[in-house]
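Participant: Fit chain B to the supplied structure of chain A, relying on the hints for placement.
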Amino acid sequence: MGTIPEPFAAWFAARGWAPRAHQLALLRAAQRGESALLIAPTGGGKTLAGFLPSLADLHANPRDGLHTLYISPLKALAVDIARNLTTPVAEMGLPIRIETRTGDTPANRRARQRTTPPHLLLTTPESLALLLTLPDAPALFGGLHAIVVDEIHALAGTKRGDQLALGLARLAGLAPAARRVGLSATVAHPDPLRAFLSPTARPGDVRLVLGAGGAEPTLDMLLPEGRLPWGGHMGLASMPEVYRRIREAAVTIVFVNTRAQAELCFQALWKINDDNLPIGLHHGSLTVEQRRKVEAAMAEGRLRAVVATASLDLGIDWGAVDQVVQVGAPKGVSRLLQRIGRANHRLDEPSRAVLVPANRFEVIECTAARQAIAARELDGDPPRPGGLDVLCQHILACAVAGPFLPEELYAEVIRAAPYAALSRQDFDDALRFVEDGGYALRSYDRFRRLFRDAEGRMHVKSAAVARQLRMNLGTIVETPLLKVRLRGGPVLGEVEEWFISTLVPGDCFIFAGQLLRFEGLDALAAIVSRGGEGEPRVPAYAGSRMPLTTYLAARVRAILADPKAWKALPAPVQEWLRLQRHASQLPPKDGLLVETFPRGGKWFLVAYCFEGRLAHQTLGMLVTKRMERLGMGPLGYLATDYVLAAWSAFEPTGVARLFEEDILGEELEEWIAESSMLRRSFRNIATIAGLIEKNHPGQEKSGRQMTMNADLIYDVLRKHEPDHILLRATRREAATGLTDVARISLLLARARAGGIVHRALDRVSPLAVPALIEEGREWVAGGAEDALLAEAAAMVEEVTGGAELFAETLAEVTDGIAPRGDRDRPRRPRDKPREGGGRYNRFVRHAPKGLTTSR
Amino acid sequence: MIAAPIHLAGERLMLDPGGYVVWPAERLLAVADLHLEKGSAFAARGRGLLPPYDTRETLERLALALRRWKPARLVLLGDSFHDAAGSARLPQGEAAMLARLLAGIEVVWVLGNHDPVAPAGLPGVAVEEWRLGPLGFRHVARPGAGGGLSGHFHPKATMQTRAGGVTRPCFLADAKRLLLPAFGAYTGGLDIRDPAIAALFPRGGRAFLRGGDRLFSFPTGPLRASVPRREVATGTAPG
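Chains as they are written, first to last, in the working numbering: chain A, 1 to 855; chain B, 1 to 239.
Hints are computed from structural coordinates only; laboratory data are not their basis. The beta-carbon is built from N, C-alpha and C at its ideal position, and this holds for glycine as well. A hint or two may mislead.
To be verified - A short list of chain A residues far from chain B (calculated; beta carbon distances all over 12 Å):
1) L48
2) L58
3) A175
4) I373
5) A464
6) P505
7) A656
8) V716
9) E721
10) A753
11) R763
Said to hold, decoys possible - Computed footprint of chain B on chain A, listed as stretches where at least three residues anywhere in the stretch have a Cβ under 8 Å from a Cβ of chain B:
12) 150-162
13) 184-192
14) 516-522
Extracted from the complex, chain B is given alone in its bound form:
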């Protein structure tokens, strides 16, 4: 696993191929859009009986991240549960596992549109927005207004390779804003060229696609204007 460092508002952050970000100076790990209990939320609303293993899968991934970086703080950037009742629906085993993971670290639940209330019975503080030093942590970034870290959009991007386009969840960053990919097992993605994301990055940014053990990055170029994203397109391979 090779994490990629970036500078955001003068702070050095590490983007992990696991789909989360670490701020080493503050021993902080931030992760977005876990959507825990999405499977049961679908079942409860009669929208299909999806395999009920998504929460376990997501928590196993989170456990890996915490073991790898041993942060003192964990910031969850909203939509941690797929719905407000999600935390109450956690099966016993998963609830115990989550409690174990969160024990001994400072936990910040940034509230999201899916989980607008603090999760019941879990440690940590729940806030709309959280700040540390020059960085703000929100669920949804506001166009124009300040920078910082956020989630919500589940960004994904397509990179052209010799054998066709490859689409993956991605980080999207410019000098002051970082959009995190969704972390949950059942979270789909939204193309970064979608107007909702493009509006946040009028001059484009750099996308970091998640790979198995590293990130793959390319400058997006302006996401909305008709100036073509030719960087990848016209690239010729060495030799």
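If we strip away everything but chain A, and leave its shape as in the complex, we get:
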């Protein structure tokens, strides 16, 4: 069976191609009616492998009706694949119709697709969810033979993945005969992906097909000329070398880690672009039109380079890219490999990639990542369990599709892998939430959305509820964004509303590759003009930085602890580590090194935890609380991906007490409940579950006019019904993703097992320097907004000298400030914040000097 049928064999032969082993393996699996997961690197003809069995079947047995459903995480990808498939199908003269269906599909085509469906329908998880709510879904999907899920690794473990898994479970009911095909990039954990794809949630029911590994990528590390930076993450010092690499290659993608970094690198490259090379910019905040323009220019070979964020991690194959540059730390091996794979989508040629670390720690991280890739080891966490908010939305969507029996729906839901462990209690609570809000103390009996008939079937109460659900379907919730519009010109993109709230008219900032001056707000947008003076700022996005993976962190620790491994490092870094060994010691592979030293009238404590920034932030709060209790007078802390640094009024002694496992107790629970991170995730959960609507039929939201604030609802719900299902969902989510509590317990356990080494030093150690020059400090009173406001108000008073209209008021107001002890008053950072005096903002970085000229 090592062949493929005609006319496919001839078509392959005409191109001088031979079918690949994994393409044949998928054909065989399809013939046996088996589901299969194909894991292969990019460039392996993966998509064709997914479709080949369907094409062969339709060629052998031509018939009408929907045969294969293809789901991709990206609209653009679905459209691109449709285009790429149409060509061979036309060339072989196959009677096969291929169409896409996304949010952009015009209404008349959508209607036609329902009456005369294409053979192959290419869509997204959101559009599938919508299709499943239609009354004719059983007719449409009843004859389905195959479901192809592309980029499945990017969906599993996300809320979109949860929604898709629930949709697949639905489809299994409508089309029990349909086999499934998953296409994935190389991942560390194939089994959870098999389970995700499986109709039974068991990995064993899905055949695993591994594509041949591609050629080993060529991976260089590029250091800036001159001094190797101690701190910073932007990598701007290396831009001259990056520019040289761009000039030498035909087409380069310069990947960076954040949108702010993208803007800055783009500016820096253009500043030295003496050859006027066409270099573009691509990130998620630019308008869709702009992104499409850049992508099209790239595909047509009109660009020499594009500076991009994760917005280009997935998607369309441009073929011609022959070099990938990663500026800044890679943060994870799998992510780095996927990025590298964007160069040269041809399997037999090695991808060429260049790593550009921005500081000394990142040099070690890059080295660790290169070694991991050479050892063919991958990282990544197995997908987390499905969200209860997505379940709530799904339950309502099922009711909209038609009446259901709760026990039958429960049985269906737990066949979706993310919900395999869902308890009946949680399901019932979700159902009750959908029905009447699920409030214990007072119900909305009159306003139920579902009702139960005599047989116990749940029906949706009105057409209005159905309309409402369809308008709000989906799991992507955006933070409040504000359009940025040129005065009298086009919209340039969107930035987060809070960033705009930090601007005053006249401020300038870098966005969409331009230097812009903030003019003011109108009802719907921030109005800007080109140019501007003064130090520009760069919109950063809260929580946009990925933390270092556990796996890569372990490799970094191993390199540090083993002087023999230093040979792989550049000379300045080796020298740095030798200095550290001399002045203090190196962090052990197991256990925890903690240094304390005085500096500038304060005491510093630096713990080398290596558990990623998120975990360190949470840990910083817990450790400083403990320091407070032990009378050390903590003043503030800072979290990087590698270390936690805290500073205090008194010398920290007996540091082992600060890292005992019981710090994960009550205080954590209390802090988590108050933290703004939790409020953010409640907002998303409430929106997805349908408590707050994104869209309301017949009502266009008029910009930012007094929108319902999720924070207010959160406060009321917490006070009156702390165990409500949406609060439970919020806490669960916080415990995994947002606060990385799991990694903290890992660290504390490691510290207990391996021991805590405390080094009391006279002064800062070489390894601690990068942390001390890092931005993004948290003050112990960081959560105490009132204290910060008091300080700011006092500042205002001083500046205005009481000569204001409200002199008397002001005096009385400020007189009324209760005297505060030194300890709980927030402090200014040790060194003055950079330009801008009191306006230091931990999310907003100032652009380096010399970037004020626009290109």
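Facilitator: Only chain B this time, still in chain A's reference frame:
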């Protein structure tokens, strides 16, 4: 709780951090935008089943205010109910609680856009506009025309602090006009730089942000012109 005194048209008023204003000379307490029964209004219109505890929460806050100042008069500056049918939807317990709160004081319901009719079955008078001495009480302030107290806009403002901007509901005042923050549990806010609010304060005013036990104030500077609000921005901390 430290209330901040201001002078408005020659009268001395106290801004309470609780989000309402007191006129001690007249033993008057004014509060704006309670939006009672907003949760049930949303539920009735199929706009989501919000936690049905907002009215209780708002009334508890109002009870605190009344206990603290023991006013003889309570002026509600409009949008007291989220919709015209709101008062009829009050659950029994909440209705009784509201009746208890209003007993024995003179109540003025200024009508708002959300509640254009007098609430059913509750004591007090309902008016479009109410005056006492030099002060007018309206739901929506009119640009240019006279001063006084009003609500409607749910003003909020952002103050820059060392650790980033902090946004809170706020009072906004100049020499003759006072805008009250919304008092209800489910009331969001509108930035004072929004043109709708800025038009009322062409030369700016002073914003008083609500804090836990006091207000935090700063002069806004002109809200619309491009003259930067640099007062906070360039401020350097003492020491």
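Participant: All hints, please: hold or fail.
Facilitator: Right, here's what the structure says about each hint:
no.	hint	in the structure
1	L48	45 Å, holds
2	L58	44 Å, holds
3	A175	32 Å, holds
4	I373	38 Å, holds
5	A464	5 Å, violated
6	P505	5 Å, violated
7	A656	30 Å, holds
8	V716	5 Å, violated
9	E721	7 Å, violated
10	A753	36 Å, holds
11	R763	25 Å, holds
12	150-162	violated (count 0)
13	184-192	violated (count 0)
14	516-522	holds (count 4)
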